[in-house]
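Line by line, the protein sequences are chains S and D.
Going left to right, the first sequence walks through residues 1 to 379 as this note's numbering numbers them.
Going left to right, the second sequence walks through residues 1 to 344 as this note's numbering numbers them.
Since the hints were derived computationally from the structure, they do not count as laboratory data.
For clarity, every value in this text was computed on a predicted model and none was experimentally measured.
Backbone N, C-alpha and C fix where the C-beta goes; we use that ideal spot for every residue, glycine too.
Check the hints yourself; a few may be wrong.
Pairwise CB distance ranges (calculated) [as the list claims (entries may be wrong)]: (1) S:P89 x D:G337: 24 to 30 Å; (2) D:R303 x S:Q88: 50 to 56 Å; (3) D:H297 x S:C248: 56 to 62 Å; (4) D:P258 x S:R26: 37 to 43 Å; (5) D:G337 x S:A160: 29 to 35 Å; (6) S:K138 x D:Q126: 41 to 47 Å; (7) D:H297 x S:D244: 30 to 36 Å; (8) S:P89 x D:D55: 56 to 62 Å.
Which residues of chain S face chain D? A few of them, derived with a C-beta cut under 10 Å, are [said to hold, decoys possible]: (9) R14; (10) G52; (11) H54; (12) P58; (13) I145; (14) L159; (15) E346; (16) V349.
The following residues of chain D were derived to be distant from chain S, with all beta-carbon distances above 10 Å [claimed, not checked]: (17) P68; (18) S99; (19) Q126; (20) T162; (21) G195; (22) L267; (23) E333; (24) G337.
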Amino acid sequence: MSLNTDFRDADRVRALLAAMTPVAGRVAARLGRPLQIMEVCGGHTHAIFRFGLHQLIPDTIEFIHGPGCPVCVLPVAAVDQAVALARQPNVILASFGDPLRVPGSRGSLLQAKAEGAGVRVLYSPYDALTLAKAHPRKQVVFFAIGFDTTMPGTAHSILAADRAGIGNLRFLCHHIRLIPTLTALLEADEVKLDGFVGPGHVSMVIGSRVYAPIARQYHKPLVIAGFEPVDFLQALYQLVLQLDQGRCDIENAYARVVADTGNPAALQAMEQAFESGVDGHWRGLGRVPGSGVRIRAPYRHLDATGLLAVAGPGKAADDPAWCHGVLTGRIKPDQCPLFRRRCTPEHPVGALMVSSEGACAAYYQYRPEQDHPEEARRD
Amino acid sequence: MTSAEKTITLAHGAGGGAMHGLIDGLFLSAFGDMPLLQKEDQARLPLAGLQARGDRLALTTDSFVVSPLEFPGGDIGKLAVCGTLNDLAVGGAVPLYLSAAFIIEEGLPLPLLQRLVGSMAEAARQAGVTIVTGDTKVVERGMADKLFINTTGVGVIPAGLTLSVAAARPGDKVLINGHVGDHGAAVMLAREELGLGGELASDCAALHTLIQPVLTQCAGVRCLRDATRGGLGGVLNEMAEASSVEIRLTEQDLPIRPQTQALCELLGLEPLLLANEGLAAMVIAPEQAEQALALWHAHPLGRHARIIGEVRAPASPGRLSLIGPYGGARLLEVPHGLQLPRIC
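So that you can see chain D by itself, here it is in the shape it has in the complex:
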């Protein structure tokens, strides 16, 4: 890669010198770990290290498409690392390895790609995981929206740990670790279509260091999910349905930033259905809820953690209900299609 090259061209994906220059000059130097540096067609991972950590392999994959590519609190690179790590972490897995595949639209500015890859490498380094294999494709202008990233994560689940979305029981408490809807609101503001200012930042973060102490110290954790697309409302509906219980939240206890609330009021959106990228929802046995809360409060990503509701016997099985400030209840359905801003 020479300093004269300012944008990605089809040559960067053609298998020739330009492609090798991109891989060596950008990806390998950013991710720079073995076994990636061995340049084989596959990562070769020692089994002994995996076996020492648990009795099951956890494998997950996710593709990341976001516009804009950079937003307050994160970017697509950080998102692609944290999102996949969180999918491992909420299964109780210790995340270890990642793959990274890039689909790049011709014309993407190289400095931007360098920033995003650097951000990805930094997020992986901070999380203590290694990017061990990858792929790069360049497609013609108009065939993709600037950049798509796919990451696959490998982790190990310690023996004896079983979390399931179907394990919630009446009496259990529901905890979350932070504010609701920050990512969705921050990305909407960053698109600048609204002409609104605002200081909201995405909550994009890898949650495994927040989650693992609770899992090792509290045997009563039943369900754990990160509330990404579909928001907290989507995840809790899923838990309620799979467990055949009702989950009931107290609306006033929900930590929602005033800026997020105001944006939702303006557009007629439901904050509980906005995406998050660093928010975990946990259902835990009632006698351990306070202990788990204290553990989360002690972690930087759990400072705003709260108990937001409880699991109830199935008067309305499979449903998520909210008790409003005046005692009236409303149900929150699984989101249907896109949330669209209203006319007035």
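Same shape as in the complex, but just chain S:
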């Protein structure tokens, strides 16, 4: 199958929608309300709007846009640490592109860069090694964020930097783990969910088996999905079928990429470099027990937190409470009073407006169906 043709094939999309619609209708009628489905990953949120799927999926299915965009859940304190480091003389703060716009209490990394701070955009954590070698008199700090998807890259880079004895490279790690997060969401009273569309990229690393407790303990079905329209709709269809049949399983609709056991090499590197089970702090969600990681003791000399005499957030508060409402599915982005008024991609107040994969940014960019009533629900 070709990525840009078969997985976007209009006939396949139509067939899946046609098959899904009556089944979802049946389940919704039985429940007396629409199905509440959380797409965990911001990549899925983006795909839903990017391909106009939100106008085509039956309205008996309601999406709750999950917390699965690592940029969106990056806490103010983490941004403040990165900005403080970047402002130190002789420091180059290297980061992926999209964290640069996330607002901290003293501005974003992009603002710090404009004011002369040493900030560089990298496309891979490995590039931080090259950067450190190229600037031996500078202290290079890689701002490592992301879910289990990006952790293996950071882990390999930590191990490689240790092996090579690079003395001027540190890692400011704010990685977070997905499974403790899903568990925390399911423990929260206010979130009402019927099932999950599981994240494809994270699952590529951690596999499908690790989701078993979601089905066993919390009785929620989960189907892992890829990011093309056919991938996503196939997973959604399987999820709806499970709900119709009263089943509660973990299924993998992205088997061409995701193995049951994940990627052993990636998992091994993560295990070697990181200690799990540390409490993580998330923007919009607060403290999520066990969701954070820490660099293991043998590599602690590569941990940038040792450089952080200036650390700690500024006096400004965290995101507005509305962000928490969006992240937990209690309100849609356009129900937030700040949306499109004070909070825009140009001047984001909350982090969900920053990344293109944030629910608010997706709503802002693609505008839901009220703008195009004549196209809505067209099969």
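Since the structure of chain S is already known, use the hints to place chain D on it.
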């Protein structure tokens, strides 16, 4: 300039012998036209020639900063000529003269500067325009990024021709002459930060010979813009807003090279917001759209021209919408800030 000199130094901008050597040995010999050779402080342009071609003077200026200075399909010199010519051409002007001002960072290799100036001269010669005046400044290392070029263009607009970004009407068709996003994608690949190979080349080209036949033969051309920074999405949003109409594109009809599409998928970027340097977007009366398309197809820079959408009555005034492959619509906003590559 002696063969021993390998790089630009502050002396090349100091007004002494080194500077005169650079001007005579490089700029004048490359651009070598009157009135530049007269070495006056200003270009003196005969009015009669201008008056014979139209009834309005078109004047535009643009500064060019690009990294790397050389990339597949072009370089900053070619860009500095084509970009300014295109700004004249999309106003319907016949471009005639250019000025060229250089801000050079100390340490720029001379052979590189020679290549870039040569490329600029060649682009001007091919376009049939004359570089009539110029300026050179050398700044200390760290005060500029290798080389900045400013060009100002002068052209003449034929009588009776009025193009405006605010002139689109419901029913009009939207045409473009080539692939979307080639320049932006080629420059990203050329920066080698991505570690990706690829055969993409910038679309950098002067468009006036493509545009003028359509303007002389089709009276129904309403709006014309080159889609540079902000990309095609930026330009069409601007037309929609100024004309208080909705512009609607069919996503499947957009000519985007698979390599550009793949790069955008990888980085989470929108190809419609990538810069182009040889792409014009035209809004034209529907009854003349096919004729304009045929004229473009007959030109080497218009071989991939397509009708990509239409102007609609203002159900959503000032907006650019795209109909996807399954019939769903999405809106494309004016780009806000930089497009930044995503994390995963």
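Results of checking the hints against the structure:
Distance hint for P89 (chain S) and G337 (chain D): a CB-CB separation of about 27 Å, consistent with the stated range 24 to 30 Å. Look at R303 (chain D) against Q88 (chain S): about 54 Å separates their beta carbons, and that is inside 50 to 56 Å. Taken as a hint, the range 56 to 62 Å holds for the pair H297 (chain D) and C248 (chain S), whose Cβ atoms sit roughly 58 Å apart. Taking the beta carbon of each, P258 (chain D) and R26 (chain S) are about 41 Å apart, inside 37 to 43 Å as hinted.
In this structure the supplied range 29 to 35 Å holds for G337 (chain D) paired with A160 (chain S), their Cβ-Cβ distance being about 33 Å. One distance hint, 41 to 47 Å for the beta-carbon pair K138 (chain S) and Q126 (chain D), holds here, with the actual separation near 45 Å. A C-beta distance of roughly 53 Å is found between H297 (chain D) and D244 (chain S), which places it outside the suggested range of 30 to 36 Å. Under the hint 56 to 62 Å, the C-beta atoms of P89 (chain S) and D55 (chain D), about 60 Å apart, fit the expected range.
The interface hint given for R14 (chain S) holds, since its Cβ lies 7 Å from the closest Cβ of chain D, which is under the 10 Å cut-off. Using the Cβ-Cβ criterion of 10 Å, the hint placing G52 (chain S) at the interface with chain D is satisfied: the shortest such distance is roughly 2 Å. Of the supplied interface hints, the one on H54 (chain S) holds, with its beta-carbon coming within about 7 Å of a beta-carbon of chain D, less than 10 Å. Given the 10 Å rule on beta carbons, the hint for P58 (chain S) is violated: about 13 Å separates it from the nearest Cβ of chain D.
A distance limit of 10 Å between C-beta atoms decides the matter here; for I145 (chain S) the minimum to chain D is near 7 Å, and the interface restraint holds. For L159 (chain S), the interface hint is violated, since its Cβ never comes within 10 Å of a Cβ in chain D; the closest pair sits about 20 Å apart. At a threshold of 10 Å, the smallest CB-CB gap from E346 (chain S) to chain D is about 4 Å, leaving the interface hint in force. Among the interface hints, the one on V349 (chain S) is violated; its C-beta lies about 14 Å from the nearest C-beta in chain D, farther than the 10 Å criterion.
Once the 10 Å rule is applied to beta carbons, P68 (chain D) is consistent with being away from chain S; the minimum gap is 16 Å. For S99 (chain D), the shortest C-beta to C-beta distance to chain S comes to about 31 Å, beyond the 10 Å cut-off, and the non-interface label holds. Its beta-carbon lying about 36 Å from the closest one in chain S, Q126 (chain D) satisfies the requirement of being farther than 10 Å from that chain. With a least beta-carbon separation of about 32 Å from chain S, T162 (chain D) lies farther than 10 Å from that chain, consistent with its non-interface assignment.
The beta carbon of G195 (chain D) is not kept farther than 10 Å from every beta carbon of chain S, the shortest such distance being approximately 7 Å. Its beta-carbon lying about 8 Å from the closest one in chain S, L267 (chain D) breaks the requirement of being farther than 10 Å from that chain. With a least CB separation of 6 Å from chain S, E333 (chain D) falls inside the 10 Å interface cut-off, contrary to its annotation. A beta-carbon of chain S is positioned within 10 Å of the beta-carbon of G337 (chain D); the least distance is around 6 Å.
Violated hints, listed in ascending order, are 7, 12, 14, 16, 21, 22, 23 and 24; each of the other numbered hints is respected by the structure.
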